[in-house]
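Asker: This is what each chain is made of:
Number of protein chains: 2
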Amino acid sequence: MTGKLYAVGIGPGDPELMTIKAVRILKQVPCIVVPKGREEGSSLALSIVQKILPLDGKEIVEAFFPMKKTMGGEREDLDHQWNETVDAVLNRLDRGTDAAFITIGDPGIYSTFFYLYDRLLERRPSLAIEIIPGISSINAAAARAGVYLGLGNERIAILPANYLESLQETLEKFDTVVLMKVNKVFDTVREILEKMDLAGNAVYVARTGMEDERIYNDIRTVGKEDLNYFSLMIVRKR
Amino acid sequence: MTGKLYAVGIGPGDPELMTIKAVRILKQVPCIVVPKGREEGSSLALSIVQKILPLDGKEIVEAFFPMKKTMGGEREDLDHQWNETVDAVLNRLDRGTDAAFITIGDPGIYSTFFYLYDRLLERRPSLAIEIIPGISSINAAAARAGVYLGLGNERIAILPANYLESLQETLEKFDTVVLMKVNKVFDTVREILEKMDLAGNAVYVARTGMEDERIYNDIRTVGKEDLNYFSLMIVRKR
Chain Y
0 MTGKLYAVGI GPGDPELMTI KAVRILKQVP CIVVPKGREE GSSLALSIVQ
50 KILPLDGKEI VEAFFPMKKT MGGEREDLDH QWNETVDAVL NRLDRGTDAA
100 FITIGDPGIY STFFYLYDRL LERRPSLAIE IIPGISSINA AAARAGVYLG
150 LGNERIAILP ANYLESLQET LEKFDTVVLM KVNKVFDTVR EILEKMDLAG
200 NAVYVARTGM EDERIYNDIR TVGKEDLNYF SLMIVRKR
Chain S
0 MTGKLYAVGI GPGDPELMTI KAVRILKQVP CIVVPKGREE GSSLALSIVQ
50 KILPLDGKEI VEAFFPMKKT MGGEREDLDH QWNETVDAVL NRLDRGTDAA
100 FITIGDPGIY STFFYLYDRL LERRPSLAIE IIPGISSINA AAARAGVYLG
150 LGNERIAILP ANYLESLQET LEKFDTVVLM KVNKVFDTVR EILEKMDLAG
200 NAVYVARTGM EDERIYNDIR TVGKEDLNYF SLMIVRKR
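Chains as they are written, first to last, in numbering that gives the first Met the number 0: chain Y, 0 to 237; chain S, 0 to 237.
Since the hints were made in silico from the structure, they are not lab data.
Keep in mind the model is a prediction, meaning the values are calculated, not measured.
Check each hint, because a few of them may be wrong.
One copy or any two copies: either way a pair holds, since identical chains are not told apart in the list.
Dumping the calculated DSSO-like pairs for lysine-lysine here, alpha-carbon to alpha-carbon at most 27 angstroms [said to hold, decoys possible]:
#1 K236 / K194
#2 K3 / K183
#3 K172 / K236
#4 K183 / K194
#5 K183 / K172
#6 K50 / K194
#7 K26 / K50
#8 K180 / K236
Sequences and hints are given; from them, build the entire structure.
Answerer: Below, the structure written as structure tokens:
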């Protein structure tokens, strides 16, 4: 019997924001897979789980995620790297071992899991994979800041922060705009919001759900030192 | 000491998708508030919690949520109804009793909680309110259907389904479009998607997380009997 793979969203950082199902499955599986080689996150995901669940006796597989942009000659090398990662996961499943891939937040929201998912299903179309949703940083940040993302008939847009050129248009057409990983473009975003008279409607949340979380209800007070990889901004038109 | 109010997202229906924090707080508080008089949902929320947690000895407050559109003379009556609901909650808090308002999904995603929130803070600006995020039906439906909502630099739009007139434009500009409560406009949405050659890219999920959940990877097979208040559609451009 081939093992089953679970993709488990472990929430934004606070271990108590894991679901009962996530905890049950992580208790149950003998093997936990964490993506390796990302900017941040892999050891972080494991440390969140460890706060609530002893991992003694479990096999921890650090799977390398080659996320570099593909450019000409690198293509083959990238495929080779991916094959190694896929092999590492399939080896465990082929032994009949169930495994859980853990991901911060929700697997469906900008997680790396789906890069692996497609490649696994390419190799083994009938593989049993179950995705366990998690609290995303978006929902957690809104809760912590005391704002809602949508009410009634409102429209919500979620943008990676590199869509600066269409930000103004999106702000005009949507009631709520969530800007992910806003740290790299913070100053430009703030300028656009000030120009549109919306700077007072924005909240900035850094490292939501983590111990050093910070919430800014006035983005004019955010300094360079407050910018962080795990950061997002919620702009509400009303 | 005034009691504290928690707004607790209990997830989409599967009791195991409650967070550890939600369960801890619901165990802890002596009083649980559920919205009454909504299309569906209040008794449902309570029945989800009851599957995982005995409610014996807790006070259950069914708070009336007057959600009718305000039209001229009805305004005063509506305010009166809201005041009664706000009073019911404040009475418990004033006694020093902590209370938890429970809501299906996530409090920040189209939940009625924020109607109450604003009115409570109007009356008691210093009231202690903590919002506990929950798994929204959007994240749960994506997980169950095996699709992601966003990857890399993709843009996500979430629309209540009554924005038909701008649906085509939104589909052109976003990578993923989530249509909430799509049951009422299903045929028109399907027509628009077929015209845009996107019908094959849509999944329809009815009653996600509930026992009678149904997932349709081909929306052409969805019949009238499959349309449901708790339903949504995810359209992925790729």
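Asker: Evaluate each hint against the coordinates.
Answerer: Here is what the structure says about each hint:
no.: 1; hint: K236 / K194; verdict: within (14 angstroms within a copy, 32 angstroms between copies)
no.: 2; hint: K3 / K183; verdict: neither (38 angstroms within a copy, 37 angstroms between copies)
no.: 3; hint: K172 / K236; verdict: both (10 angstroms within a copy, 20 angstroms between copies)
no.: 4; hint: K183 / K194; verdict: within (19 angstroms within a copy, 39 angstroms between copies)
no.: 5; hint: K183 / K172; verdict: both (24 angstroms within a copy, 23 angstroms between copies)
no.: 6; hint: K50 / K194; verdict: neither (44 angstroms within a copy, 51 angstroms between copies)
no.: 7; hint: K26 / K50; verdict: both (13 angstroms within a copy, 21 angstroms between copies)
no.: 8; hint: K180 / K236; verdict: both (20 angstroms within a copy, 23 angstroms between copies)
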